[in-house]
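K.L.:
No gaps in the numbering here: position 65 of the sequence shown is 65 in our numbering, and each next residue is one more.
Fair warning: there could be bad hints in the mix.
[Unchecked claim] Computed spacing ranges between beta-carbons, pair by pair:
1) Ala18 / Ala152: 37 to 45 Å
2) Ala152 / Glu40: 27 to 35 Å
3) Ala18 / Asp95: 20 to 28 Å
Simulated from the structure, these hints should not be mistaken for laboratory data. Just so you know, even glycine gets a beta-carbon here, dropped at the ideal spot from N, CA and C.
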Amino acid sequence: MLAGLTGNIGSGKSSVLAMFKSLGARVISADGIVKRLLTEQETLSKIRAALGDGVFSEDGTLDKQKTAGLVFNNEALRKRLEKIIHPAVMSEIRDYALPDEITIAEVPLLFEGGFTSMVNYVITVTAPKEIVFERLGKKGQLSKEDIAKRLACQIPDEKKAADSDFVVINSGSIEDTERQVREIYRLLLHRDNV
1 MLAGLTGNIG SGKSSVLAMF KSLGARVISA DGIVKRLLTE QETLSKIRAA
51 LGDGVFSEDG TLDKQKTAGL VFNNEALRKR LEKIIHPAVM SEIRDYALPD
101 EITIAEVPLL FEGGFTSMVN YVITVTAPKE IVFERLGKKG QLSKEDIAKR
151 LACQIPDEKK AADSDFVVIN SGSIEDTERQ VREIYRLLLH RDNV
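The whole structure should be built from the sequences, with the hints applied where relevant.
P.N.:
Right, dumping it as C-alpha coordinates:
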(Lines of atoms letter the chains of each structure in order from A and count residues from 1; the text may use other names and numbers.)
(Lines give C-alpha, C1' and ligand atoms only; values in the text may rest on other atoms or scores of the structure.)
Protein backbone atom coordinates (compact mmCIF):
# COMPACT_ATOMS: atom_id res chain seq x y z
CA MET A 1 0.00 0.00 0.00
CA LEU A 2 1.37 3.37 -1.02
CA ALA A 3 0.48 6.68 0.65
CA GLY A 4 1.72 9.97 -0.78
CA LEU A 5 2.86 12.47 1.83
CA THR A 6 2.75 16.02 0.53
CA GLY A 7 2.50 19.63 1.61
CA ASN A 8 3.88 22.99 0.67
CA ILE A 9 7.42 24.20 1.28
CA GLY A 10 8.20 24.58 4.99
CA SER A 11 5.19 22.58 6.18
CA GLY A 12 7.34 19.95 7.90
CA LYS A 13 6.94 16.98 5.54
CA SER A 14 10.39 15.54 6.30
CA SER A 15 9.75 15.58 10.05
CA VAL A 16 6.39 13.87 9.56
CA LEU A 17 8.02 11.27 7.27
CA ALA A 18 10.54 10.48 10.02
CA MET A 19 7.65 10.00 12.46
CA PHE A 20 6.00 7.49 10.13
CA LYS A 21 9.33 5.68 9.79
CA SER A 22 9.68 5.43 13.58
CA LEU A 23 6.24 3.77 13.70
CA GLY A 24 7.37 1.08 11.26
CA ALA A 25 6.33 2.42 7.87
CA ARG A 26 8.52 1.86 4.84
CA VAL A 27 9.48 5.39 3.69
CA ILE A 28 11.01 7.05 0.65
CA SER A 29 11.61 10.69 -0.23
CA ALA A 30 11.23 12.18 -3.70
CA ASP A 31 13.86 14.77 -2.75
CA GLY A 32 16.38 11.99 -2.14
CA ILE A 33 15.63 10.47 -5.53
CA VAL A 34 15.93 13.87 -7.23
CA LYS A 35 19.28 14.49 -5.54
CA ARG A 36 20.61 11.25 -7.04
CA LEU A 37 19.03 11.85 -10.47
CA LEU A 38 20.78 15.23 -10.67
CA THR A 39 24.14 13.45 -10.60
CA GLU A 40 23.28 11.08 -13.45
CA GLN A 41 24.49 11.96 -16.94
CA GLU A 42 21.26 10.96 -18.68
CA THR A 43 19.21 13.35 -16.53
CA LEU A 44 21.76 16.15 -16.82
CA SER A 45 21.77 15.86 -20.62
CA LYS A 46 17.98 16.22 -20.70
CA ILE A 47 18.14 19.25 -18.40
CA ARG A 48 20.86 20.85 -20.55
CA ALA A 49 18.68 20.37 -23.63
CA ALA A 50 15.64 21.87 -21.84
CA LEU A 51 17.23 24.76 -19.93
CA GLY A 52 20.53 25.44 -21.68
CA ASP A 53 24.14 25.62 -20.51
CA GLY A 54 23.52 28.60 -18.20
CA VAL A 55 22.33 26.43 -15.30
CA PHE A 56 25.54 24.38 -15.21
CA SER A 57 28.78 25.04 -13.35
CA GLU A 58 32.14 24.91 -15.11
CA ASP A 59 32.69 21.36 -13.83
CA GLY A 60 29.47 20.18 -15.53
CA THR A 61 27.37 19.86 -12.38
CA LEU A 62 23.95 21.43 -12.16
CA ASP A 63 23.98 24.77 -10.32
CA LYS A 64 20.84 24.44 -8.20
CA GLN A 65 20.67 28.13 -7.29
CA LYS A 66 20.83 29.22 -10.94
CA THR A 67 18.29 26.56 -11.86
CA ALA A 68 15.88 27.68 -9.11
CA GLY A 69 16.36 31.33 -10.09
CA LEU A 70 15.45 30.46 -13.66
CA VAL A 71 12.53 28.07 -13.20
CA PHE A 72 10.78 29.93 -10.37
CA ASN A 73 10.64 32.97 -12.62
CA ASN A 74 9.54 31.15 -15.77
CA GLU A 75 6.60 28.76 -15.61
CA ALA A 76 7.26 27.21 -19.04
CA LEU A 77 10.85 26.31 -18.08
CA ARG A 78 9.70 25.00 -14.70
CA LYS A 79 7.22 22.70 -16.43
CA ARG A 80 9.95 21.48 -18.80
CA LEU A 81 12.15 20.58 -15.86
CA GLU A 82 9.28 18.88 -14.04
CA LYS A 83 8.52 16.74 -17.13
CA ILE A 84 12.06 15.42 -16.96
CA ILE A 85 12.20 14.78 -13.20
CA HIS A 86 8.69 13.86 -12.03
CA PRO A 87 8.01 10.70 -14.11
CA ALA A 88 11.40 9.21 -13.16
CA VAL A 89 10.76 9.91 -9.47
CA MET A 90 7.26 8.43 -9.45
CA SER A 91 8.43 5.34 -11.33
CA GLU A 92 11.09 4.71 -8.69
CA ILE A 93 8.59 5.26 -5.86
CA ARG A 94 6.15 2.77 -7.38
CA ASP A 95 8.95 0.20 -7.73
CA TYR A 96 9.97 0.75 -4.08
CA ALA A 97 6.49 0.27 -2.61
CA LEU A 98 5.50 -3.24 -1.50
CA PRO A 99 1.86 -4.35 -1.62
CA ASP A 100 1.91 -5.95 1.83
CA GLU A 101 3.58 -3.06 3.67
CA ILE A 102 2.62 0.53 4.35
CA THR A 103 4.91 2.70 2.26
CA ILE A 104 4.89 6.45 2.81
CA ALA A 105 6.38 8.45 -0.07
CA GLU A 106 7.22 12.09 0.54
CA VAL A 107 6.33 13.84 -2.74
CA PRO A 108 6.25 17.65 -2.40
CA LEU A 109 4.50 18.20 -5.75
CA LEU A 110 2.10 15.25 -5.62
CA PHE A 111 -0.90 17.41 -6.58
CA GLU A 112 0.96 19.79 -8.88
CA GLY A 113 2.44 16.88 -10.84
CA GLY A 114 -0.92 15.12 -11.18
CA PHE A 115 0.31 12.02 -9.33
CA THR A 116 -2.46 11.53 -6.77
CA SER A 117 -3.95 8.67 -8.81
CA MET A 118 -0.68 6.74 -8.39
CA VAL A 119 -1.08 6.42 -4.62
CA ASN A 120 -3.71 4.68 -2.49
CA TYR A 121 -3.99 7.52 0.03
CA VAL A 122 -2.93 11.16 0.18
CA ILE A 123 -1.63 12.69 3.42
CA THR A 124 -1.13 16.47 3.39
CA VAL A 125 0.96 18.33 5.96
CA THR A 126 -0.13 21.93 6.52
CA ALA A 127 1.26 24.85 8.47
CA PRO A 128 0.24 28.52 8.63
CA LYS A 129 2.22 30.82 6.33
CA GLU A 130 3.75 32.76 9.23
CA ILE A 131 5.19 29.51 10.63
CA VAL A 132 6.46 28.51 7.18
CA PHE A 133 8.27 31.83 6.77
CA GLU A 134 9.68 31.53 10.29
CA ARG A 135 10.94 27.96 9.72
CA LEU A 136 12.51 28.69 6.36
CA GLY A 137 13.92 31.98 7.61
CA LYS A 138 15.73 30.15 10.42
CA LYS A 139 17.37 27.85 7.89
CA GLY A 140 18.63 30.99 6.15
CA GLN A 141 18.63 29.40 2.71
CA LEU A 142 15.82 31.40 1.14
CA SER A 143 14.80 35.04 1.22
CA LYS A 144 11.18 35.99 1.96
CA GLU A 145 10.81 36.81 -1.74
CA ASP A 146 12.09 33.36 -2.76
CA ILE A 147 9.78 31.64 -0.27
CA ALA A 148 6.80 33.62 -1.62
CA LYS A 149 7.71 32.70 -5.22
CA ARG A 150 7.89 29.01 -4.38
CA LEU A 151 4.60 29.09 -2.46
CA ALA A 152 2.99 30.84 -5.44
CA CYS A 153 3.95 27.86 -7.63
CA GLN A 154 2.21 25.42 -5.29
CA ILE A 155 -1.47 24.68 -4.80
CA PRO A 156 -2.71 26.33 -1.56
CA ASP A 157 -2.80 24.23 1.63
CA GLU A 158 -6.58 24.54 1.90
CA LYS A 159 -7.14 23.01 -1.56
CA LYS A 160 -4.67 20.18 -0.94
CA ALA A 161 -6.20 19.43 2.45
CA ALA A 162 -9.70 19.31 0.97
CA ASP A 163 -8.55 16.78 -1.64
CA SER A 164 -6.61 14.56 0.81
CA ASP A 165 -7.54 11.44 2.72
CA PHE A 166 -5.66 12.62 5.83
CA VAL A 167 -4.30 15.97 7.03
CA VAL A 168 -1.53 16.65 9.54
CA ILE A 169 -1.79 20.17 10.97
CA ASN A 170 1.83 20.88 11.86
CA SER A 171 1.47 24.15 13.73
CA GLY A 172 1.67 23.10 17.37
CA SER A 173 4.03 21.04 19.47
CA ILE A 174 6.02 18.05 18.22
CA GLU A 175 3.88 15.90 20.52
CA ASP A 176 0.70 17.15 18.85
CA THR A 177 2.09 16.34 15.39
CA GLU A 178 3.23 12.89 16.58
CA ARG A 179 -0.27 12.21 17.97
CA GLN A 180 -1.82 13.00 14.57
CA VAL A 181 0.73 10.82 12.75
CA ARG A 182 0.12 7.88 15.11
CA GLU A 183 -3.62 8.12 14.51
CA ILE A 184 -3.20 8.22 10.71
CA TYR A 185 -0.83 5.25 10.86
CA ARG A 186 -3.34 3.33 13.00
CA LEU A 187 -6.07 4.06 10.45
CA LEU A 188 -3.85 2.97 7.55
CA LEU A 189 -3.06 -0.29 9.33
CA HIS A 190 -6.76 -0.86 9.96
CA ARG A 191 -7.87 0.02 6.40
CA ASP A 192 -5.43 -2.28 4.69
CA ASN A 193 -5.09 -4.95 7.39
CA VAL A 194 -1.33 -4.85 6.92
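K.L.:
Against this structure, judge whether each hint is valid.
P.N.:
Results for each hint:
1. Take Ala18 and Ala152: their Cβ atoms lie about 28 Å apart, and the range 37 to 45 Å is violated.
2. At about 30 Å, the CB distance of Ala152 to Glu40 agrees with the hint of 27 to 35 Å.
3. Between Ala18 and Asp95 the beta carbons are some 22 Å apart, a value that agrees with the proposed interval 20 to 28 Å.
When held up to the earlier numbered hints, the structure conflicts with hint 1 and nothing else.
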